[in-house]
Structures are given as C-alpha cells and as structure tokens.
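Please take these sequences and the hints and turn them into a complete structure.
Read top to bottom, the protein sequences are chains G and W.
For the first sequence, my numbering begins at 71 and goes up steadily by one.
For the second sequence, my numbering begins at 71 and goes up steadily by one.
Watch out, some of these pointers could steer you wrong.
Copies of one chain are not kept apart here, so a pair can be met inside one copy or by any two copies together.
Within a straight-line C-alpha distance of at most 20 angstroms, the following computed EDC-like cross-link-like pairs (lysine to aspartate or glutamate) qualify [said to hold, decoys possible]: (1) K176 x E160; (2) K176 x E153; (3) K103 x D202; (4) K176 x D222; (5) K193 x E207; (6) K180 x D261; (7) K180 x D190; (8) K193 x D206; (9) K176 x E269; (10) K176 x D261; (11) K103 x E91; (12) K193 x D261.
Worth flagging that the hints you see were computed from the coordinates, not collected in a lab.
There are 2 protein chains.
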Amino acid sequence: MDERSLRVERPEKTLRELALERMRDAIIASHFKPGERLVERDLCMQLGVSRTIVREVLRHLESEGLVATAGTRGPVVAVTTPEQALQIYEIRGVLEGMAARACAEKGDAKLAATLQAALDRIKSAYGRRRMDLVLDETTEFYRVLFVGAERDVAWGIVNSLTARINRLRSMTIRTPGRDIDGPTQMQRIVDAIRDGHGEGAYHAAQEHVGIASSLARALLADTPAA
Amino acid sequence: MDERSLRVERPEKTLRELALERMRDAIIASHFKPGERLVERDLCMQLGVSRTIVREVLRHLESEGLVATAGTRGPVVAVTTPEQALQIYEIRGVLEGMAARACAEKGDAKLAATLQAALDRIKSAYGRRRMDLVLDETTEFYRVLFVGAERDVAWGIVNSLTARINRLRSMTIRTPGRDIDGPTQMQRIVDAIRDGHGEGAYHAAQEHVGIASSLARALLADTPAA
DNA sequence: TAGGATATTATGGTATGCCAAAACGTCGGT
DNA sequence: ACCGACGTTTTGGCATACCATAATATCCTA
Numbered sequence: 071m072d073e074r075s076l077r078v079e080r081p082e083k084t085l086r087e088l089a090l091e092r093m094r095d096a097i098i099a100s101h102f103k104p105g106e107r108l109v110e111r112d113l114c115m116q117l118g119v120s121r122t123i124v125r126e127v128l129r130h131l132e133s134e135g136l137v138a139t140a141g142t143r144g145p146v147v148a149v150t151t152p153e154q155a156l157q158i159y160e161i162r163g164v165l166e167g168m169a170a171r172a173c174a175e176k177g178d179a180k181l182a183a184t185l186q187a188a189l190d191r192i193k194s195a196y197g198r199r200r201m202d203l204v205l206d207e208t209t210e211f212y213r214v215l216f217v218g219a220e221r222d223v224a225w226g227i228v229n230s231l232t233a234r235i236n237r238l239r240s241m242t243i244r245t246p247g248r249d250i251d252g253p254t255q256m257q258r259i260v261d262a263i264r265d266g267h268g269e270g271a272y273h274a275a276q277e278h279v280g281i282a283s284s285l286a287r288a289l290l291a292d293t294p295a296a
Numbered sequence: 071m072d073e074r075s076l077r078v079e080r081p082e083k084t085l086r087e088l089a090l091e092r093m094r095d096a097i098i099a100s101h102f103k104p105g106e107r108l109v110e111r112d113l114c115m116q117l118g119v120s121r122t123i124v125r126e127v128l129r130h131l132e133s134e135g136l137v138a139t140a141g142t143r144g145p146v147v148a149v150t151t152p153e154q155a156l157q158i159y160e161i162r163g164v165l166e167g168m169a170a171r172a173c174a175e176k177g178d179a180k181l182a183a184t185l186q187a188a189l190d191r192i193k194s195a196y197g198r199r200r201m202d203l204v205l206d207e208t209t210e211f212y213r214v215l216f217v218g219a220e221r222d223v224a225w226g227i228v229n230s231l232t233a234r235i236n237r238l239r240s241m242t243i244r245t246p247g248r249d250i251d252g253p254t255q256m257q258r259i260v261d262a263i264r265d266g267h268g269e270g271a272y273h274a275a276q277e278h279v280g281i282a283s284s285l286a287r288a289l290l291a292d293t294p295a296a
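Structure, rendered in structure tokens:
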C-alpha cells in the first residue's frame, strides 16, 4: 500500500449535475414522453434527491427546451410540434453545412480520417441493427465535425436542438433504405471534406439533413407531435 | 364601486420569473461585468428574494450561456471570447439570412410595412443619439423578421446569442458612420423583402451581419473579451 | 343518477437551516 | 519580508419546512 492509495477521491460531479444528466438522458431516450407531467416529488423519489435539486434541474431543462412550464400547471416534457421539428431540421441544415464547409476549407487530413472512422462506426451500427448506437455514433460524427470546424457555439446549438427531436431521429433512421442512403450521403460529406471542397461539403451536409427532414415530414403526416 | 373592482388581481408572474428577467436584463445591460462573481447571498439582498430563487435563476442563466460555473468556484458572468463572438456573428448571419429569405418568399406587404416601421424607429433612435434605444429597436426589428418568417425556434437561438454579445453590439453601433451605414444595409433587407427577392434578402441580411462582424473583429483586436 | 358543495390531498412557490469546503485573515517562525 | 500553520468567515451544496392554490375525492340533495 503506497501513498497514492490513501488519497481521498473527491466526487467529480455534484448531485445536481448527475441528476441533470440523468433527467436529460431520460427525456431524450423517451423514458418520459412528450407532454408527460413531471411532478417534482415523484422525480425526487425516482432520482433519490431533494426537491431543491429537482427544481434546479428542471430550470436547466426548461432553458434547454426539453421541459415546458405553462401558467399554474407544473412542468411537462416539452412537445416539439411538427412545425418546430421542421424548423429544427432547417437550422441544422444551415449550421451543419457551415461546419462542413469550414472543415473542408481547413484541409486537415487527420480530421477527415477521424470523420471517416466515425462514419465507419455508424455503418457498423447499422449493420448490427443497433439503432441506439446509430444515433449515438451519428451524434459523435457531428461532434467531431463541429469540433474540427472550431465551431463550438454552433455545436452547442445543434446538439441542443437535436435533443428536442430525438424521437423523430429515432424514427427516421428506421425508415426502409435509410441504412444505406444515410451513410452514403454522409460519405459524400466526408469525401468533400477530404478533398477540400467547401461548397461540395456544404451542399452534401445540407442535402443529408434535407432528406432526413423529408422523411420526418412524411412520418409527421402519419403520427403528429414528437 | 361595481363588481369588477372587488376582483382580486393575481400576480401575472412568479417572483422567480421576475427575478430572472431582472438578472438577465442586468447582465445584458452590463450592470454585471463579464467574469464578475455572482455571489448568491449578495444577489439575494440585491433582488430581495431568497436563495432558492437566486439559485434557480442562476440555473436558467447558466443554460442560456449568460452565467458560467466552473468547478468549486461559484457562478460568474460568462465571458464571451473573441472567437465565440465571431462565431455568434456567423451563426446570426446564416439564421438571419434564412429568415429574411423566408420573409421575402412570403410576399406579405403588411410584414414589409411592419419591418419598415421598425427600421424607421431604429433610424429615429440613431438620430436622437439614443443608443440604448437603437439596440432595443434593432432587437425588435429582428423579432418581427423571425416572427414574420415563422421561425420562432431560430429566433429563440438568435435572441439568446445576441444577449451574449450585447456589449459588443453596444460598441459596434457606436463606431463612426454606423448610424448611416447600418440602417442603409437594413433598408436593403426590407426592400428585398418587399420586392419578394429571396436571394436578395438573404444576401442583404448576411452582408449586414458580416459588416457588424468586421467592426466587432476590429474592436476585439483593441479590447479583448466582452 | 347527476350535479353542486365541501373536505381532503397533492403540488408548486418560497423561505430557512445545516454543513462541508473554500477563501481569507492572523500570527509566529525563519 | 516571506511562508506556513491555524483560526475565522464566507460560500455553495443540499435538505427540509411552511403555505397558498389547484386538483381530487367525498358527500348530500334534488
């Protein structure tokens, strides 16, 4: 037993931070459904924390758009209307296009390789029918894209918007043929970036989101609100 | 004294909501400076509310990006780095361009008139050297633009981003000649919208933000961090 | 049985308390 | 004068309490 093993490990995160992550993940994963009432005291029991923490977490989530509070009625999981969902796809289109263009103009071969690796992991997840992993790896792909583009502000926005349409995302990746078409479109993004084609990357990224948007539009025509 | 005067007026907003607005406005108006420590108990005294409310307000403002909390050190007013500020201008450029294009494609004469009225108010504020009003009326102009474009999600993003660079905004509108050039550029946006020119409106909006970005870049070269 | 009145319970808004850790001030030794 | 140890104060993390209002259940009457 040497000196290091006597060291006291201090918790890396506060209870509040842990609870926030847990709640955010639970909403994103549809454990709590859109429109569902989030009763503070129930959450206290589920999370095993006091109301103080629950309320503070709810304030965060309100500001993130994942929770809505209207008048005297308590907090509910936010409902993303079809109109909003389509707006979100549009915004993602312009921001992802912007990031893709910046990556292409950067001319960084290592970045292109990292994106390719991330895309390969998406393909692999599709191949294994691991749809949960497809979403996670897609998020990772875009994180690499925005970090590579040095656009952390836009990444914060896109990531937050994406959380609000996660149910829809989960549905679009399951549409027939998406497992082939989706990675093919993303491959075009990566290729354009590797080749340094700014406009090409911009349009490839926009097209990819545009197609997802069309899929979502069709799905929303069948089952409203996500 | 009739029946109506016996009615109990219930407060429209909770204490928390009022405190949140007050704090947000105070940060935006530079009452609290970037990097300044926001001590909970001090805020309690200044706002006249309990720590509960202060903490919940701080959670909101954290998620909005106006307040930062790092490790064991308490909350501070967020510092927007020059890099972030420039990113924010870039994002505004694409989102405002998108909204302007949507307005132009809408072909709504009433909307164009409302935008013109809003721009006239900006001009009037410039003429009276009321720079605080210039900022307020500019915000109103863009609110009308996004609402007219039916892009409330993008408006939420732009409004929130703009709050983070308000000091810089306050400085750019004060640069020599901006009082003439700014409204001229915005007039081009309004004209393109009135004439139904989608691409024209898009580029006019992008150009306007691009010029503000260049002014900001120059200012940031002199005085870092806002 | 249906509807209204009343009682009870649940819930959000808000304040206060406790405690551990961080920050700051003081003192003594070199 | 500087540094380290120690004591004191400040501060954030977190829990709990109180209260008014909203929601729900129960009871009584027509």
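#### Entry: Intra- versus inter-subunit Cα pairing at 20 angstroms for K176 with D261
within (14 angstroms within a copy, 36 angstroms between copies)
- Taking 20 angstroms as the upper bound on the Cα-Cα distance, should K176 and E269 be classified as within, between, both, or neither? within (13 angstroms within a copy, 27 angstroms between copies)
Task: Homo-oligomer pair classification [D261, K180; C-alpha up to 20 angstroms] - done: Result: close within a single copy only, 13 angstroms intra versus 46 angstroms inter.
Could you figure out if K103 and E91 sit no more than 20 angstroms apart (CA to CA) within one copy, between two copies, both or neither? Within one copy only: 17 angstroms inside a chain, 29 angstroms across chains, cut-off 20 angstroms.
Using 20 angstroms as the alpha-carbon threshold, which applies to K176 and E160: within, between, both, or neither? Between copies only: 17 angstroms across, 24 angstroms inside.
With identical chains treated as interchangeable, where does the CA-CA distance between K193 and D261 reach 20 angstroms or less: within a copy, between copies, both, or neither? Within one copy only: 16 angstroms inside, 48 angstroms across.
Practice prompt. At 20 angstroms max between alpha carbons, let me know whether K180 reaches D190 within a copy, between copies, both or neither.
Written response: Close inside one copy (15 angstroms), not across copies (51 angstroms); limit 20 angstroms.
As a check of your reading, is K176 near E153 (CA-CA no more than 20 angstroms) within one copy, between copies, both or neither? between (35 angstroms within a copy, 16 angstroms between copies)
- Message: Treating 20 angstroms as the Cα threshold, decide for K103 and D202: within, between, both or neither.
- Response: Answer is within: at 17 angstroms inside a copy they meet the 20 angstroms cutoff, but 43 angstroms across does not.
From the Cα coordinates, with 20 angstroms as the cut-off, is the pair K193 and E207 best called within, between, both, or neither?
within (9 angstroms within a copy, 49 angstroms between copies)
Point to revise | Same-copy or cross-copy closeness of K176 to D222 [CA-CA at most 20 angstroms] | key: Answer is within; shortest intra-copy Cα gap is 16 angstroms, inter-copy 33 angstroms.
Up to 20 angstroms between alpha-carbons, please classify K193 paired with D206: within, between, both or neither.
-> Within. Shortest intra-copy distance 12 angstroms satisfies the 20 angstroms Cα cut-off; inter-copy 49 angstroms does not.
No hint from the list above goes unmet by this structure.
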